[in-house]
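Chains as they are written, first to last, in this note's numbering: chain A, 1 to 466; chain B, 1 to 466.
Please note that the accuracy of each hint is not assured.
Note that identical chains are pooled: a pair holds if it fits in a single copy or bridges any two copies.
[As the list claims (entries may be wrong)] In the SDA-like style, the derived pairs of lysine to any residue whose C-alpha atoms are separated by at most 25 Å in a straight line are: (1) Lys162 <-> Ile428; (2) Lys85 <-> Pro351; (3) Lys163 <-> Glu123; (4) Lys31 <-> Ile188; (5) Lys31 <-> Trp366.
No lab work stands behind these hints, which were simulated from the structure alone.
There are 2 protein chains.
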Amino acid sequence: MMPESSFFENMNALFYPGTVAVIGASDNPGKLGYHVMTSLSAGGYPGALVPVNPGAESIMNIKAYPSIESYRGDIDLAIVVLPAKLVSGVFHDCIRKGIRGIVLITAGFKEIDDPEGGELQEELARIAGEAQIPVIGPNTFGMINLPLSVNASFTPEFSLLKKGSISLVSQSGGIAHLMAFLAMERDIGMSKIVGLGNRLNVDFAEMFSYLSTDPDTKVIALYLEGLDDPRRLMEVAKKHRGNKPAVAYKTGSAFCGDQASLSHTGSLAGRQEIYEGALKQAGILPVRSAEALLDTARSLAMSPLPKGSRIAVLSGQAGPGMAACDLCEAQGLDLAVFRAETQRLINDLLPPLALRTNPVDMGPAWYNASAIVGIIRAVLEDEGVDGLLLLMMFASANRAAPAAISPLLLEWKQRKPVVSCLASPPGIWDEEIRTMEAGGALINCPTPERAAMTMASLWNYQRMRK
Amino acid sequence: MMPESSFFENMNALFYPGTVAVIGASDNPGKLGYHVMTSLSAGGYPGALVPVNPGAESIMNIKAYPSIESYRGDIDLAIVVLPAKLVSGVFHDCIRKGIRGIVLITAGFKEIDDPEGGELQEELARIAGEAQIPVIGPNTFGMINLPLSVNASFTPEFSLLKKGSISLVSQSGGIAHLMAFLAMERDIGMSKIVGLGNRLNVDFAEMFSYLSTDPDTKVIALYLEGLDDPRRLMEVAKKHRGNKPAVAYKTGSAFCGDQASLSHTGSLAGRQEIYEGALKQAGILPVRSAEALLDTARSLAMSPLPKGSRIAVLSGQAGPGMAACDLCEAQGLDLAVFRAETQRLINDLLPPLALRTNPVDMGPAWYNASAIVGIIRAVLEDEGVDGLLLLMMFASANRAAPAAISPLLLEWKQRKPVVSCLASPPGIWDEEIRTMEAGGALINCPTPERAAMTMASLWNYQRMRK
Chain A
1 MMPESSFFEN MNALFYPGTV AVIGASDNPG KLGYHVMTSL SAGGYPGALV PVNPGAESIM
61 NIKAYPSIES YRGDIDLAIV VLPAKLVSGV FHDCIRKGIR GIVLITAGFK EIDDPEGGEL
121 QEELARIAGE AQIPVIGPNT FGMINLPLSV NASFTPEFSL LKKGSISLVS QSGGIAHLMA
181 FLAMERDIGM SKIVGLGNRL NVDFAEMFSY LSTDPDTKVI ALYLEGLDDP RRLMEVAKKH
241 RGNKPAVAYK TGSAFCGDQA SLSHTGSLAG RQEIYEGALK QAGILPVRSA EALLDTARSL
301 AMSPLPKGSR IAVLSGQAGP GMAACDLCEA QGLDLAVFRA ETQRLINDLL PPLALRTNPV
361 DMGPAWYNAS AIVGIIRAVL EDEGVDGLLL LMMFASANRA APAAISPLLL EWKQRKPVVS
421 CLASPPGIWD EEIRTMEAGG ALINCPTPER AAMTMASLWN YQRMRK
Chain B
1 MMPESSFFEN MNALFYPGTV AVIGASDNPG KLGYHVMTSL SAGGYPGALV PVNPGAESIM
61 NIKAYPSIES YRGDIDLAIV VLPAKLVSGV FHDCIRKGIR GIVLITAGFK EIDDPEGGEL
121 QEELARIAGE AQIPVIGPNT FGMINLPLSV NASFTPEFSL LKKGSISLVS QSGGIAHLMA
181 FLAMERDIGM SKIVGLGNRL NVDFAEMFSY LSTDPDTKVI ALYLEGLDDP RRLMEVAKKH
241 RGNKPAVAYK TGSAFCGDQA SLSHTGSLAG RQEIYEGALK QAGILPVRSA EALLDTARSL
301 AMSPLPKGSR IAVLSGQAGP GMAACDLCEA QGLDLAVFRA ETQRLINDLL PPLALRTNPV
361 DMGPAWYNAS AIVGIIRAVL EDEGVDGLLL LMMFASANRA APAAISPLLL EWKQRKPVVS
421 CLASPPGIWD EEIRTMEAGG ALINCPTPER AAMTMASLWN YQRMRK
């Protein structure tokens with residue numbers, strides 16, 4: 001057997017290929033081989049693209065080859081969309097050709113009722129294992145690596161995603177697609193999205209290990225259903241602990257083993273807590289929904305962590321501040337007690353009728369942007385404040401507030417976490433928010449509750465890491 | 001004292017005025033009287049608009065009057081934006097003029113530190129009470145009644161909302177604005193949005209009573225912080241129990257009394273549960289976030305209630321189905337056991353490799369829209385199924401699925417609740433989803449978890465009502 005490094009060098013070639021072959025490429029929109037070709041060509045893959053199909057001269061106006069051997073140059077990645085029974089032959093061809101990695105989209109292996117499927121998969125695992133070739137799949141949509149624009153999946157629309165630094169490894173194709181659509185809608189950048197499928201020889205452990213060293217990945221997000229051997233992932237995660245933030249969403253707690261029926265033995269909450277405890281021990285932050293997985297990964301990619309639990313809540317209206325404070329208490333955050341100097345400054349800037357001691361209701365200062373800037377500055381400078389929740393709902397009278405506070409927050413960027421809910425009718429504050437987010441000044445959330453949850457996640461990650 | 005009916009007749013004139021006067025109307029964009037005038041004129045108010053300002057001939061090209069007496073016709077609603085000390089005089093003028101209701105936006109009453117504010121408010125309460133004139137406010141953004149396009153607020157952007165059947169009564173202006181912006185973003189229609197402010201003589205109890213008889217209101221949504229006398233609301237709600245669905249979000253549990261500091265006596269969860277128990281007893285469904293308030297109100301406005309807890313989960317991919325099942329178990333829903341005939345039909349339509357016994361993974365039937373339609377029909381016809389969760393993430397191969405299932409779901413509309421998460425990249429499935437939602441065929445949610453939570457809310461409301 002070759003040294004382990006070789007497998008991981010091959011992993012890198014799989015995600016950053018100079019040449020990609022599509023084995024089973026097609027011009028027929030009813031075939032997956034058509035969609036994979038579209039993903040790569042329309043997705044702007046910059047390397048050489050080699051459609052392989054013995055029955056075609058060209059596919060999508062790209063010269064086709066009857067076999068991978070007939071292509072002269074080197075091929076790094078092969079994407080395979082042929083029927084299951086042909087795949088072991090293709091694997092042998094790939095190894096002879098010196099291919100470095102395979103994305104095996106084909107289904108019909110371990111997941112089917114027929115024992116032949118499992119046997120076929122074992123054979124493939126043996127062939128790939130001997131050659132140290134990493135294989136994503138089988139039974140997967142594939143993967144996309146946005147930094148290189150290599151969309152090795154049957155979903156061309158993944159290429160609509162913005163390039164970013166979050167990598168998602170998913171045990172479900174459906175959840176991976178959902179997360180991608182949510183990210184598109186909210187303009188959240190992604191690095192890699194990987195559908196593990198039947199996990200021939202690339203499982204969570206291998207992906208975690210690879211992504212820990214991938215310079216294009218800042219945060220690792222995992223979607224898990226159930227693992228044959230959870231300890232492997234936990235050990236790898238522990239080894240890389242503190243290196244990069246990692247967050248996981250685990251479902252399937254309602255199911256017992258392979259049974260597709262709700263389990264009524266033992267509590268769901270109990271089973272969830274056991275898994276979550278193990279994840280935390282490995283330095284992976286557990287969350288409880290696809291939305292929370294994306295929110296949390298995004299905040300860990302964008303924000304510094306709070307040094308402690310002492311949060312200031314500055315709001316433009318009392319209600320959103322109260323909603324955030326309820327969440328803060330429930331999530332183990334504390335309301336900071338301001339230094340005397342900070343409090344004096346706030347008292348000078350607000351009339352006595354306002355909530356001024358944290359939460360601070362800045363409503364009475366709406367018409368006075370310099371007062372709002374003064375309050376935020378005093379709170380950011382206060383060493384007793386570990387993070388700032390900034391909540392303001394648009395009204396005609398405070399329209400100019402985000403533009404007024406932007407320079408201050410950009411000056412303070414990445415020094416303390418600032419999580420905001422600046423909400424307006426569609427379009428009004430979008431540009432100011434984008435400028436501040438792009439500049440690393442804050443993370444904006446759709447509601448005060450989600451802003452508070454995001455701050456809690458940052459603090460929970462910090463606490464878990466310590 | 002006049003009979004109570006008079007106050008409520010006046011409430012109706014307040015929300016459906018034939019003529020509106022703006023007392024303190026202004027052409028100066030730095031004044032609230034400018035924004036209120038914009039709200040009414042740009043918002044398309046169809047009645048007569050009477051700007052009152054002794055220093056102007058006209059405001060926004062509308063003839064202005066030095067006082068309300070100088071206007072010849074009847075005036076139903078007066079919106080007051082004058083300084084606090086002038087308001088009691090204005091109230092006397094209004095009563096002499098025979099005005100039916102007042103929206104008092106002005107601040108500076110009970111909420112300020114100065115005892116004079118409280119005294120002024122008591123005087124106003126006495127004046128309005130004797131004349132049986134309902135007053136929204138003081139210290140409020142105002143209200144909007146979309147069915148008549150009367151935007152009696154300082155936020156012209158409320159008029160961007162779609163007309164609908166949800167009425168929101170809010171103790172916080174900030175939360176009311178937030179909810180409006182969330183509704184705009186998701187194209188959710190609203191009927192009335194009311195900011196109670198200091199609650200001179202229109203409190204939750206009066207609003208609940210009025211909305212219970214308002215033909216333009218199908219669902220009542222409440223945002224509460226704390227009530228001086230919660231029993232009044234609870235009694236009114238009990239009286240109207242089962243008449244219209246009602247849902248409430250309560251914050252402020254982290255605070256003790258007037259103290260703007262987190263309480264550490266007693267648990268937050270405990271305090272929340274006491275309030276939620278009281279709401280449930282009154283037939284009001286409690287929820288725990290602004291987003292959940294909107295989601296739940298929307299689903300109660302759009303969907304029939306499940307007759308029981310037995311839910312079918314049909315998904316286009318296994319993962320979203322598992323995520324939904326976890327939520328179902330946690331929220332007290334059951335997975336339906338299909339009749340033998342239903343199961344036989346599903347088994348005929350899906351290969352043996354799929355999850356077929358509920359949840360049903362329809363993934364293998366992606367390319368076969370008639371199989372998907374057949375499965376959904378069999379499940380809808382099954383008398384052992386009380387509601388359907390339908391979860392499908394877009395992929396190239398299932399692009400046509402929503403169009404294929406639309407006729408069946410429209411045929412079955414309003415017979416059983418169908419809550420879906422049909423998720424695609426922006427734009428792809430939007431039209432099909434809009435058609436089905438507009439036709440009452442389903443409620444679409446942004447994630448499988450929120451779809452399951454929505455079904456749980458429908459069931460929880462049904463259970464509470466029984």
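Hints versus structure:
no., hint, result
1, Lys162 <-> Ile428, "both (22 Å within a copy, 18 Å between copies)"
2, Lys85 <-> Pro351, "between (77 Å within a copy, 18 Å between copies)"
3, Lys163 <-> Glu123, "neither (37 Å within a copy, 62 Å between copies)"
4, Lys31 <-> Ile188, "neither (30 Å within a copy, 38 Å between copies)"
5, Lys31 <-> Trp366, "between (59 Å within a copy, 12 Å between copies)"
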